[in-house]
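A.B. asks: Listed below are the residues making up each chain.
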Amino acid sequence: MTGALDRRALAARIAHDITEGSIVNLGIGAPTLIADQLPAGLEIILHTENGMLGMGPAPEPGRIDPDLINAGKQPVTELVGASYFHHADSFGMMRGGHLDICVLGAFQVSEHGDLANWHTGAPDAIPAVGGAMDLAIGAKNVWVMTDLLTRDGQSKLVAECTYPLTGTRCVSRVYTDRAVFDIVPGGFAVTEMFGSTTLDELRSLTGLELA
Amino acid sequence: MISKTVAHLEEAVAGIEDGATVLVGGFGLAGHPIALIDALLQQGASDLTIVSNNAGNGDTGLAALLKAGRVRKVICSFPRQVDSWVFDGLYRAGEIELEIVPQGNLAERIRAAGSGIGAFYTPTGVGTLIAEGKETRTIQGRDYILEYPLGADYALVSAWKADRWGNLVYRKTGRNFGPIMAAAARTTIVQVDEVVDLGTLDPETVVTPGIFVDRVVAIGERAWLQDGAFVGSESAS
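These protein sequence lines are chains A and B, in that order. Position 131 (the first sequence) corresponds to 258 in our numbering; numbering is contiguous. Position 141 (the second sequence) corresponds to 248 in our numbering; numbering is contiguous.
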């Protein structure tokens, strides 16, 4: 995949679009990489669903505090200005529209902005939704960070999701390893392509009319 | 004199009956009342319905209770994790019931139970499997589903410090579900590192007022703390 961005580079690309003063929730998995790529010197406040604003990076070895973890249950630190609150308040911040941006992973995103990222629907799968549905419908801007294709080459950008939905008409932008897509009234609009990627190639890979 | 403190864990979990519904605090192991769950395991109550964010991590706490076959049903948001092997095995063997609730709906249902709210409309889950069979309504142009309160017979909560009236303060992200669960149970049982003298906790910073608390047991300061200050440890437990 000539010119495709690796995860770290994609995280840096997303971080570049996060402006000073933003309150941001980074979903578990790949989006957590964005935390390490945020521009130094800017005041960007990270929210973690388990009850904290002002979350800092992973602690030094030997400084792990078991009372201080992130949504992925990894140890984190507390920045100056941090605050703690209980779960009902934390999710009230989401539903109440107080978060500026959340970045989530995806199994599929539809051209209407529907998101599927919690359950494959497979009979032997154990469903686990966590905070994904609340984030998907709550944040002012819901961005997705994902590879364009699944491991077996299927497009994650689709006309209609076939996996169970997390939220409807909630995603506004999708950052993939090949290109960035905004969701507009007509469907996906390509706003940026990485490396040697072309619009024709993206149309071929996704099977979608792309603007 | 009011005193909610009890001397032993055994006394703290006394009377929890077979078939009870129990709210269990914690997000992962932060704020997870492991000492109370171990005591419940010893106490022997079975056929329990557990309401908690997760369905056990590793082999301790809730996972140990599941492993011992004491739990009939788990109501949670996120059972599947890298270290949820106990739950995964029981679920795949058809030996435990599971009800998945999105995390914010779980929290709000618990809060509703504690604050006398009969039901509420939430946008979370609209248009998904979660909405199936639920009343929906469009309010001011936005779609919502109706969710009901989720209270319980008991709550097991882990806090940092208490006084004998049951006023509580928590530590960092260990707070999570503690304050809302404390309010939502008929009997709320709290483990704390330390019970301090009445008047020691600053009233301005009490997080859970004692009105929501029935029993408090001190389990001693945890290894990575010293006089309430973090002193470091080699690994997360």
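Accuracy of the hints is not assured; some may be wrong.
[As the list claims (entries may be wrong)] So the derived label-pair ranges between C-beta atoms look like this:
hint, chain 1, residue 1, chain 2, residue 2, range
1, A, GLY130, B, ILE246, 44 to 54 Å
2, B, ILE318, A, GLY248, 37 to 47 Å
3, B, LYS241, A, GLY248, 11 to 21 Å
4, A, THR325, B, LYS180, 49 to 59 Å
5, A, ALA252, B, THR243, 20 to 30 Å
6, A, PRO312, B, TRP192, 14 to 24 Å
Hints in this document: simulated from the structure, not taken from any laboratory. The beta carbon of each residue, even a glycine, is placed where N, CA and C say it ideally should be.
A.B. asks: If you test the structure against every hint from before, which numbers come out violated?
C.D. replies: 6
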